[in-house]
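Chains as they are written, first to last, in this note's numbering: chain A, 1 to 303; chain B, 1 to 358.
Please note that the accuracy of each hint is not assured.
Stated by the list, open to error - As a list, the in silico DMTMM-like pairs of lysine to aspartate or glutamate whose alpha-carbon atoms are at most 20 Å apart:
no., chain 1, residue 1, chain 2, residue 2
1, B, K300, B, D74
2, A, K116, B, D326
3, B, K26, B, E99
4, B, K176, B, D74
5, A, K116, B, E246
6, B, K324, B, D308
7, A, K116, B, E180
8, B, K107, B, D74
9, B, K324, B, D230
10, B, K175, B, D74
11, A, K116, B, E335
12, B, K353, A, E269
13, B, K324, B, D74
Stated by the list, open to error - Chain B stretches covered by chain A per the calculated footprint, using a threshold of three residues with CB under 8 Å from any CB of chain A:
no., stretch
14, 38 to 45
15, 199 to 211
16, 278 to 290
None of these hints come from the bench; they were simulated from the model.
In this text, a Cβ means the ideal position worked out from N, Cα and C, and glycines have one as well.
So you can see what is in the structure, the chains are spelled out below.
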Amino acid sequence: MSNIDPILLLTAIIIVSTPILLAAIGELVVERAGVLNLGVEGMMITGAVCGFVVATMTGSPWLGFAGAALGGALLSMIFGILTQLFLSNQVATGLALTLFGLGLSALMGQGYIGVKGPAVPDLYLPLLRDIPVLGPILFRHDIIVYLALAIVLGVWLFLNRTRAGRVLRAVGENHDAAHALGYKVVRVRLMAIAFGGACAGLGGAYLSLVRVPQWTEGMTAGAGWIALAIVVFASWRPGRLVLGAWLFGGATALQLALQASGGVQIPIEYLQMAPYLATILVLVILRAGRAPGSLGRPFHASS
Amino acid sequence: MTFKTVLLGATAAMGLATGAMAQDDKTKVGFIYVGPIGDLGWSYQHDQGRLAVEEEFGDKVETVYVESVPEGPDAERVLTQMALQGADMIFTTSFGFMEATMNAAQKFPDVKFEHATGYQRADNVSTYSARFYEGRAVQGLIAGEMTESNIIGYIGSYPIPEVIRGINAAYLQAKKVNPEVEFRVVWAYTWFDPAKEAEAAKALIDAGADVILQHTDSTAPQAAAQEAGDVITFGQASDMLDYAPEPRVSSIIDNWNQYYIDRVGAVMDGSWESQDTWGGIDSGMVEIGEITEAVPAEVKQAALELKDKIAAGEVHPFTGPINKQDGSAWLAEGETADDETLAGMNFYVEGLKGEIPQ
Chain A
1 MSNIDPILLL TAIIIVSTPI LLAAIGELVV ERAGVLNLGV EGMMITGAVC
51 GFVVATMTGS PWLGFAGAAL GGALLSMIFG ILTQLFLSNQ VATGLALTLF
101 GLGLSALMGQ GYIGVKGPAV PDLYLPLLRD IPVLGPILFR HDIIVYLALA
151 IVLGVWLFLN RTRAGRVLRA VGENHDAAHA LGYKVVRVRL MAIAFGGACA
201 GLGGAYLSLV RVPQWTEGMT AGAGWIALAI VVFASWRPGR LVLGAWLFGG
251 ATALQLALQA SGGVQIPIEY LQMAPYLATI LVLVILRAGR APGSLGRPFH
301 ASS
Chain B
1 MTFKTVLLGA TAAMGLATGA MAQDDKTKVG FIYVGPIGDL GWSYQHDQGR
51 LAVEEEFGDK VETVYVESVP EGPDAERVLT QMALQGADMI FTTSFGFMEA
101 TMNAAQKFPD VKFEHATGYQ RADNVSTYSA RFYEGRAVQG LIAGEMTESN
151 IIGYIGSYPI PEVIRGINAA YLQAKKVNPE VEFRVVWAYT WFDPAKEAEA
201 AKALIDAGAD VILQHTDSTA PQAAAQEAGD VITFGQASDM LDYAPEPRVS
251 SIIDNWNQYY IDRVGAVMDG SWESQDTWGG IDSGMVEIGE ITEAVPAEVK
301 QAALELKDKI AAGEVHPFTG PINKQDGSAW LAEGETADDE TLAGMNFYVE
351 GLKGEIPQ
């Protein structure tokens, strides 16, 4: 243990958890609006490729992130139109979206395999970055790390402090009642789905532009599914979502750091299990909250 | 002659006709890959082999491939499907396809199977692999000479003999040129997961490693090393030249082209037999990618000398005296390891720290 630098470890945790956090906060809003979109993985990988392609074409990582958000949102609209307007089954459509996204991204990324993208600079925060201990952990990241946290805060404020947020929750809890009150259920849900797609796209682009950083097929490798699990883990609350993402990211980073430190005597199988065990354990301890009442149910104004 | 016998005769004739047609038909060769062919590593190189076969035989062959096939029951399904679609020969290009290959081979005795890096054979199953450990030894020499922190990071995929052999071979050479050297092994439990490989590389760099060796298939560790700066890496399976001259200072390239051409040719002329092939630097199956100018000239020269000596059979990477990790004797002075021990290698040599996950 003594070989692990806690500052580097905490820094690693924040970076590892960011893509999952981004995808999860988007899905949280979607589910709070009563829609279950299992296509997170597909939207993430599409965002990863869109972000990478735009960033290498324009040379600007920021345009890349914008392109990723747009790509994710556009893909999510396929899901939105199918499930909200044509009332297709949400689970099946979401799964199909993941498969479609994986294939589409592989196709789009054909010419970009092995290409190096533009570098994303760390945000330079004078003074703050020089604070001992806290500086390296908190204030030497790229801007997307802070953006992810800002989005989480924004979602919390939106859901709990704004009228529009309450409308969205009402739609998710009981769409018939919300409809009777005159709220546009389908429109609210479509907007939530687009937001979820954009966030997943950003999360994917964080992988292809910052963390890896390059484009390879299938590079999200299941991160979207973990994001889905973390939404349940967080009982659909933004605050707990951050905790869940850090816990998962923390267990992942810690197990690698323990192996790399060279001094561990813990069998590696346990280290490999740790992220998942920790997630299950906290799920049990925290008592999962209640899911939104209309989650996954189709809505039609006539019924 | 009744109408019925005419019909029967006609059916039989048609059956014969299709049989004859099938013989004139192209030789159909299938490939299954564990990763995407765009990994620029392991699966990419196997696919290069497939393309070489196409180029060599032109219209006489038809190749099909399925990429990103998970190791497990899915692989058998894919193999069955390929065989049913008329494949004459199938290359299964990952260790974890072993069971699936053996099962499919039993179901389709007329289809020839070629399983990479495995050890189970049957009348219609050959195995083939390359002596990557020879290349690892050359890497170990460069790594040992170049490290300043004396900590060398090693990203392992799965604790299987092939990977353990590589770690041992690299360590022995590194230790020889630099007695202070220490290896840190991180097991990623994946062949291809860029995010995880990048994290593993970063964890090793955070722990002080300034040389990263990888036995996983993506270029993500190269990118991580480049970002960190002052860390050198080696291309794995493929040249990964995009990351030269630094961090990538050299590479091990798997070159399956000739083997694939030979084996497909053997199926065509009917001389195919079940066999086990283990090609090294001498056969061209293992190539050492260009050593860049980031490596001092004398180190480069020593590395090339070692490579030539291994190719000529003058040096064996596992030459005694070598003890096992627990201190027990393995090879006596001057003794070299036999292939059987190497094929099943499940122990670290003396000096390596940590335990191999069982």
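Hints and how they fare:
1. B:K300 with B:D74: violated (44 Å)
2. A:K116 with B:D326: violated (44 Å)
3. B:K26 with B:E99: Between K26 (chain B) and E99 (chain B) the Cα gap is close to 28 Å, so the pair fails against 20 Å, i.e. violated.
4. B:K176 with B:D74: violated (44 Å)
5. A:K116 with B:E246: holds (14 Å)
6. B:K324 with B:D308: Since the Cα atoms of K324 (chain B) and D308 (chain B) sit roughly 27 Å apart, the hinted pair is violated (cutoff 20 Å).
7. A:K116 with B:E180: It is violated: about 35 Å lies between the C-alpha atoms, which goes past 20 Å.
8. B:K107 with B:D74: holds (16 Å)
9. B:K324 with B:D230: Violated. K324 (chain B) to D230 (chain B) sits at ~33 Å, over the 20 Å cutoff.
10. B:K175 with B:D74: violated (42 Å)
11. A:K116 with B:E335: Not satisfied, since the Cα-Cα distance of roughly 46 Å exceeds 20 Å.
12. B:K353 with A:E269: holds (17 Å)
13. B:K324 with B:D74: violated (38 Å)
14. 38 to 45: Since 3 is at least three, the answer is holds.
15. 199 to 211: holds (count 8)
16. 278 to 290: With 0 residues closer than 8 Å to chain A, the stretch 278 to 290 of chain B misses the three-residue bar; violated.
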